[in-house]
Every structure is written in structure tokens, then in C-alpha cells.
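Chains as they are written, first to last, in numbering that gives the first Met the number 0: chain A, 0 to 227; chain B, 0 to 87.
None of these hints come from the bench; they were simulated from the model.
Since we're looking at a predicted model, the values are computed, not measured.
Check before you lean on any hint, since a few could be wrong.
To be verified - Here are the computed distance ranges between Cβ atoms for each label pair:
no., chain 1, residue 1, chain 2, residue 2, range
1, A, Arg4, B, Glu63, 29 to 35 Å
2, B, Glu43, A, Gly204, 33 to 39 Å
3, A, Arg129, B, Ala80, 56 to 62 Å
4, A, Asp2, B, Gly79, 25 to 31 Å
5, B, Glu33, A, Pro102, 42 to 48 Å
6, B, Gly70, A, Arg129, 57 to 63 Å
7, B, Glu33, A, Pro64, 54 to 60 Å
8, B, Ala41, A, Ala206, 41 to 47 Å
Unchecked claim - Which residues of chain A face chain B? A few of them, derived with a C-beta cut under 8 Å, are:
no., residue
9, Leu5
10, Glu6
11, Leu12
12, Gly18
13, Glu19
14, Leu121
15, Ala126
16, Gly204
All C-beta atoms, glycine included, are put in the ideal place defined by N, C-alpha and C.
What follows is the residue order along each chain.
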Amino acid sequence: MNDERLERYARQLLVPGFGEAAQERLGRARVRVVGADAVASAGLVYLVQAGVGRLWIEDAEDVSPSDASGWLFAPSAVGSPRVEAARAVLAPLSRFVSIEPYPKGGVPTATLVFASSGPQALASAEAARRAGIPHVVVEPDAEGGALVVVPPGAPCYACARSTAGAGRPAQPGIAALSALGAAELVLMIANPESTPGRRIDLVRGVATARPTSRLPGCACGGPGAGAT
Amino acid sequence: MSASAPPRVDVRAYACPMTYVKAKIALERLAAGERLEVWLAAGEPVENLPRSAAEDGHRVLAVEPLAGAPGAFRVVLEKGAGAAPEWP
Ligand SMILES: [Zn+2]
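Next up, chain B with everything else stripped away, as it sits in the complex (with noise of 0.2 Å):
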């Protein structure tokens, strides 16, 4: 895997079911094994959107608070193996 920072989604200014619907779509452009870094707000999203990603097989990294943004949090996934994949 390359050094380079990994993608980020911002969806801080979703609620769900978008903010998790934006997160797959951006997962569905890695391969097995990479990273996606997502922005997200307070509450109902930071509590749903790893729990949505484990259940389809990613893997959960991180999840902290965002730096210099009150209110929003970071979360780091790695796409699973074992996740369905996009139909080509």
C-alpha cells in the first residue's frame, strides 16, 4: 500500500442513511486492503456508520475525534476482503 494519506469522504453535513451511502460508494472505488478516511458528525452517524461497515466486512481503524472541529469525528476504514464486491 502506498504512504500517501488516504481518500477522505466529508460528510459531516449528512445524516444517514447518506452518510454510510457516500462512505460505500467511495469504498466500492478501493481494492481489499485500503483505506478510507471519513468525516463525520456527532450522534446518530458516528454511532452507525462503523457499525454498517463491519457488517458488510470492512474493517474499522479508528474512530476519534476530528482535530480543530468540535462536534465531528474521524473514522478510519479498511476495506474488507470479504466485502461484496461492485458489480464491475
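So here's chain A without its partners, still in its complex pose (with noise of 0.2 Å):
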């Protein structure tokens, strides 16, 4: 990694256990970002920040006064293109990232879900799991919300989802939850093999993981349910 890369990332590379190799990992990925509202701000900004190559990101809709009330989008970018309005912010913040729309066809190599609906999630997630890639949804709620995360092999979203489903708007601690949907990933991205498959729940700011498990007959564990 040349001098330019080191400097930028310095603080990240001075963790114990966090190398060269995992931030060249980082690097390499190519992360799907799905939905950009509010409640995706924090997380986007992670990312770019960490130091994903690729970021590629996903939203039909345009700003909405309440994705303004977050600190990504201005109440300028009200009525743009999400996607757009994100990148505009992003961009800036490093020239070692690249930043697009997600393109028709691409193949992530990590997958982050803010998606606002139920059913998107679940899509979202099956289409990495069917990939055999790691992934992180998280699922706001009026307390704060969850994160499902999925490494390759571990027991599905549907597996360990909230049955309420991800609610919008959510209020308390929603930065701290989309930034930490955003670490863990990176993490599963840096260090490929020693994530366990978990949920973590952040209610009123304090957050507590537990492994998930499979459902009894669920898809994930049957033939091509990839390594488990």
C-alpha cells in the first residue's frame, strides 16, 4: 500500500488485528448499499470512510424532507435523486472510493441492507446469501432497532429478523445503529473467517449480540445452502 493510502487509513491500520491485508481487502470490495434514506447516512459515510473500494448504491426515490432531518442529506437535495444526493456528499469525503448507482447486473462482494420495506429486505439478503456473500441487514425501530448479520453460510436474515419487521421513521440512536451496521460488515469484509453469524439488538443505545440460529425448514440450510 503506497504512503498516500497508509496516511489516509492510519488510524484504521493501528488497530490490533486490522492489517494491511484486511484494509486491501476492504479495498477490493465492491459493497451494495440498498436504500440511502436517513437511515442509511451514517452507515454510507462509515463505509466510505473505512475504505471500500466500490460502493454502489440503490434507491429509486428521491430526498425526502425527513432523510433531510439526517445528516447526509442538506434540505437543499430535497426532491433529488437519493442516489445522486448521497454520492454528491460522499464523494468528497475520499478519492479512494468509487461511488455509483448500483449497476443493473453487478456483482457485489458484500451486500448492506437499509432497505424502508419488509419485503425488499428479505429479497435484498436472499439475492447475498444466494451469492455466498456476507452480509448486514438493519432493521430500525421506535427503541433504536437491530442488525442481522449473515457471513457466508450462517443462518439467513429470515432466519433472525424481528417478526414486527424494520418500522420508519426511526428516532433514538438510529446514527449509532446504521454505523454499526456498516462496522460489522467491514469487519466481515476484513477478517472473512472469524465472524459468527449474529444479531444485535440496540435498544435505547445499548446494544446486545446473540448467534443466530436456523429455522426449523428453512431454505438456508438446505442443498446449496453454501458452508455449513
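Dock chain one against chain two, each of which comes alone in its own frame, and use the hints as you go.
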């Protein structure tokens, strides 16, 4: 890695166990982010700052007034496409990260899901599971929310999601939940071998984690389920 | 361990935290018990690097003026067994 990159990621490189190989792995990653509303804001910034190589943002909607109350979008962005507005803010943060709309047929190496609907979250997670790539699904709710962390071969999102589904709008701790989702994904990309499948509940700022388990009969345990 | 000279990183031209970033990356390439020689500028770098290395579980075997280079120091580190391994 050249000095410019080392300097850019110096703080992260100083974390014990996180070294040059991990940073290079991040630099090669193509991360699909599903959803770019206010909930996604902190996570998007985190992915850029951590140094993922390519950020593919997927969101068909425009910035809404409630998005603009988050910290990524300015009130002047209301009404413009979320993907373009997000790119305008994120691109200047780092010239080492390429930020693009999710290309049709693009093959990501990891996925972060901030979908605002339950079916979209399930579909995005299932696509990632079938592709055998690490993914994290962020489910905000009125108390904070939860994350489901799915390394390849782990119990799938459907096995561990909230039965109530993800709610909108989310209130307390949303930036923390969003950034935590991105951090969990970054750890899986940087260190593919050692992350367990888990669910993290963030309730009023307090995080608790537990391993996920497969629901009986779920397709994620069946043939073609990957490395289990 | 071989009797050959340990690998060396010359970070005299760098400031913190780059000094330790460069040393840490060099240490990641070594096995526990192997040594690394680091050439550093006086002042903050030579004050901070031995401390950072010790905090990460490495042994600091020597901190001494670098012969023939006024104002520079030579630090010899031994990679600790307990140091966090670099992810494969
Ligand atoms: Zn499942």
C-alpha cells in the first residue's frame, strides 16, 4: 500500500488485528447498499471512511424532508434522487472510494441492507445469501433497532429477523445503528473467516448480541446453502 | 532464528502515527520471536513508537542513538507471541 493510502487509513491500521491485508481486502470490496434514506446516512459515511473500494448505492426514491433531517442530506437536496444526492456528499470524503448507482447485473462482494420495506429487505438479503457473500440487514425501530449479521453459510436473515419487521421512521440511536451495521460489514470483509452469524439489538443505545440459529425447515439449511 | 540481520524500516522522514503504522505493517509480516529494526527521528517518534509497540504486545529490545546519524534513533523490536495476529 502506498504512503498516501497508509496515511489515509492510519487510524484504522493501528487497530490490533487490523492490518495491511485487511485494508487491501476492503479496497477490493464492491459493496452494494440497498436503501439510502436517513437511516443509511451514517452507514454510508462509515463505509467510505473505512475505505471500501466500490460503493454501489441502490435507491429509486428522491430525498424526502425527513431524510434531510439526517446528517447526510441538506434541505436543499430534498426532491433530488437519493443516490445522486448521497454521491455528491460522499464522493468528496475520499478519492479512494468509487461511488456509483448500483449497476444492473453488478456482482457485489458484500451487501448492506437499509431497505425501508420488509419484502425488499428479505429479497436483498436472499440475493446476498445465494451469492454466498457477507451481508448485514439493518432494522430500525422506535427503540433503536437491530442488525442481522450474516457471513456466508450462517443462518439467513429470514431466520433471525424481527417478526414485526423494520419500522420507519426510526428515532433514538439511528446513526449508531446505521454505523454499527456498516462496521459489522467492514469486519466481515476485512476478516472473512472469524465472524459468527449474529443478531445485535440496540435498544435505547444499549447493544446486545446473540448468535443466530437456523429456523427448522428454512431454505438456508438446505442444498446449496453454502458452507454449513 | 536465523543469524542474519533483522529486517529494517527507516521511518526517519515520517511523523506519528505513520511511524508506527509502517512498523506495525512490517511486524505483521514476521513470526512471533522475530526481530525488526526501526530507524526513527528524535522527539515524538522515538518517544511514542516503543510505547505503542509494547502496548501491542511486542518486546522493545533496544532504543539507542543510530550510529553515524545525529538526531536519529535505532529501535529493535521483537514480535510478541501475544500480539494480535494479522487476519489471514
Ligand atoms: Zn434461514
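Results of checking the hints against the structure:
no.	hint	verdict
1	A:Arg4 - B:Glu63: 29 to 35 Å	holds, 32 Å
2	B:Glu43 - A:Gly204: 33 to 39 Å	holds, 36 Å
3	A:Arg129 - B:Ala80: 56 to 62 Å	violated, 41 Å
4	A:Asp2 - B:Gly79: 25 to 31 Å	holds, 26 Å
5	B:Glu33 - A:Pro102: 42 to 48 Å	holds, 45 Å
6	B:Gly70 - A:Arg129: 57 to 63 Å	holds, 60 Å
7	B:Glu33 - A:Pro64: 54 to 60 Å	holds, 59 Å
8	B:Ala41 - A:Ala206: 41 to 47 Å	holds, 44 Å
9	Leu5	holds, 6 Å
10	Glu6	holds, 6 Å
11	Leu12	holds, 5 Å
12	Gly18	holds, 4 Å
13	Glu19	holds, 5 Å
14	Leu121	violated, 31 Å
15	Ala126	violated, 26 Å
16	Gly204	violated, 28 Å
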